[in-house]
Amino acid sequence: MKKILFLLSILIFEIHHSQTYYSQNFNTSGLNGWTSTDLDGDTHQWSNNNFSTSYTSLGSGSLASYSYIDATNSAVTPNNLITSPLINLTSVTASNVKLQYDLATHPSYPYEKYSVYVTTSNAPAAVTASAPVFTEVVASGGLQNRLIDLTPFIGQQVYISFRHHDCYDQYMLILDNITIKTLADKDVALQNVSLERYGVINTNYTLKATVKNNGSQAVNNITMNWNDGLADHISIISLTTPLTTGQIRAINHPIYVNYPSLVENNINVSITQVNGSADATPADNSLVTKFKTVSQNSPKKVLIEEGTGTWCGWCPRGAVAMNYMKNNYPDNFIGIAVHNNDPMLVPEYNSGTGINAFPGMNVDRWFFNQDVYTDEMVDHVNARKNLVVPAELNASGTLAGNSLTFNASVTFRTFYNNANFRLAAVLVEDGVTGTTTGYRQSNYYAGGGSGVMGGFESLPNPVPASQMQYDHVGRMLLGGYAGQAGSVPSIITDGQVVNYTFNAVIPSTYNTSKLKAVLLLLDATTGEVVNARSFILGTLGTSDIKTNENYLTIYPNPAKDYIKVQANYSVELTIYDASGRIVMEKSRVSPDTPVSVQGLAKGNYIVSIKEKNSNPKTQKLIIE
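Residue 493 in the UniProt record's numbering sits at position 493 of the sequence shown, with consecutive numbering throughout.
Among these hints, one or two may not hold up.
What the hints assert, rightly or not - Simulated pairs of lysine to aspartate or glutamate, DMTMM-like, Cα-Cα distance not exceeding 20 Å: (1) K300 <-> D232; (2) K292 <-> E264; (3) K326 <-> E196; (4) K617 <-> D592; (5) K290 <-> D232; (6) K620 <-> D577.
Stated by the list, open to error - Here are the computed distance ranges between Cβ atoms for each label pair: (7) T35 <-> T281: 56 to 62 Å; (8) P343 <-> D38: 37 to 43 Å; (9) T526 <-> D232: 27 to 33 Å; (10) G449 <-> L262: 53 to 59 Å; (11) S130 <-> D185: 56 to 62 Å; (12) N420 <-> L262: 45 to 51 Å; (13) G447 <-> D38: 31 to 37 Å; (14) N557 <-> N204: 28 to 34 Å; (15) K610 <-> R197: 30 to 36 Å; (16) E264 <-> G59: 24 to 30 Å; (17) K612 <-> N258: 26 to 32 Å; (18) P489 <-> N221: 15 to 21 Å.
These are calculated hints, taken from the structure and not from any lab test. Backbone N, C-alpha and C define an ideal beta-carbon position, used for all residues, glycine too.
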């Protein structure tokens with residue numbers, strides 16, 4: 001009787017617990033035993049590339065096949081096959097076997113077509129002659145997961161093949177984390193935990209988790225706990241619709257994270273039960289995140305560093321997107337154009353960004369090599385503009401001729417016992433022009449065949465240098481790309497003000513009236529831009545930079561054709577003549593945006609500037 005029960009327990013274990021028969025994550029160089037075949041002989045085939053900056057879960061290597069080739073700016077119709085090593089399923093005693101893998105496509109061009117084959121031969125002709133077990137045209141972009149039933153192949157030795165074919169002018173198909181395994185009944189993986197890195201005291205913050213059902217049983221509820229080293233916070237989270245095999249879903253823990261004082265805690269998150277019972281594989285059920293409170297929030301701007309070049313025919317798209325963001329998101333966005341291989345190149349800046357596809361962009365040095373489209377910039381800024389940040393940035397200084405003294409100031413709103421921050425500044429120039437051929441802008445939008453692109457569709461290819469003006473140009477790095485070592489102390493108290501002075505001699509070829517300094521607070525451990533703020537140099541002359549929160553001014557003054565407003569946010573602008581009559585009224589004027597005064601007669605005026613809920617400030621304006 002004991003022997004029968006023992007054998008029964010073994011059988012139950014095999015049926016209800018997962019077992020992996022093959023797994024490959026491609027994190028080592030090469031194809032890791034897989035064989036690539038260029039079926040159409042166009043020299044393009046599968047390769048191992050690193051996409052971890054876009055999709056961290058893919059690790060340092062992934063399989064990729066392309067339907068658009070960046071190097072030649074050309075679209076192709078791929079016919080690329082890649083085949084696994086021999087996989088032995090003869091010892092499988094369970095009742096199910098599944099093929100599981102991650103795939104990713106371009107967010108805006110997802111329609112890659114591919115097929116999956118399971119064969120007993122690895123000869124390319126035999127593979128393509130067989131019927132695929134799965135074929136799809138990917139309907140939506142980004143990272144996804146697939147699960148395919150291989151149960152009919154139990155007892156065989158087989159090869160798995162992926163064929164990228166019959167699609168054109170999309171971008172790429174990425175495959176990774178290919179696994180063949182038996183599914184347990186209850187197996188939920190905790191894939192990601194999302195919680196604000198910083199939070200204001202006495203404020204509720206929701207802990208969000210991404211879970212994936214790796215089991216064969218549909219999941220109706222998950223028991224989840226978060227522990228901060230002080231107490232457990234356990235809750236049974238009911239799902240509105242069952243989470244079926246292979247599905248991924250974001251869920252919220254119903255117990256808020258909230259502290260009445262300044263703390264820094266590790267938050268340990270774990271799944272303890274699935275459908276009221278233990279998870280079959282608890283090893284993937286726990287993650288840790290950090291949470292730190294601040295005494296008050298500080299204004300946050302999102303930094304986008306856009307890689308561009310005059311040689312790049314698609315880069316007008318970046319210029320159009322940057323101008324759109326400047327005009328429509330002036331309170332939340334700072335843009336810097338980092339030029340590559342053209343007369344505006346700053347070598348240290350270009351190499352520091354590491355942008356390898358143009359136009360490309362880094363967002364707060366947290367998201368790297370992102371695609372440049374207006375919608376993409378809007379999404380990134382909207383996603384990060386409301387982040388709580390631990391410090392407020394300010395600056396003062398003088399510009400005497402071309403000698404700049406830039407005094408950076410940071411007011412911290414929390415404590416650190418072992419901080420690792422650095423300060424850096426970037427000088428950025430608008431209206432850059434040149435007469436050499438290097439200032440001609442390559443323009444693939446000429447003629448309108450690639451759609452409307454902010455007027456570039458009406459310009460030739462290339463656009464002559466005489467017709468080009470380059471804005472947002474990154475000109476100089478103060479403190480280097482990674483920031484100035486020693487500019488911020490390691491021990492910081494709440495309310496402490498940290499100051500650091502940068503000195504620079506600005507080249508005479510730069511137009512100081514169109515320069516601004518972008519101050520960056522960098523996390524020196526991760527490289528992330530914690531906060532950023534820009535300060536206009538064109539208002540200086542030999543006077544102080546006055547850039548505190550309540551400082552508002554207009555420039556140039558005297559003015560002839562236009563004025564601009566130095567401010568942190570959009571303002572209400574009213575101009576009165578000498579008799580007190582309103583001669584111009586603007587309800588929303590963005591910082592740094594020209595306002596034409598050509599319709600006003602020469603003379604003296606009074607300007608009223610009102611920012612947000614602050615009191616208006618008046619200033620004398622002379623129009624010449």
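If you check each hint against the structure, which ones fail?
1, 3, 7, 11, 12, 14 and 18
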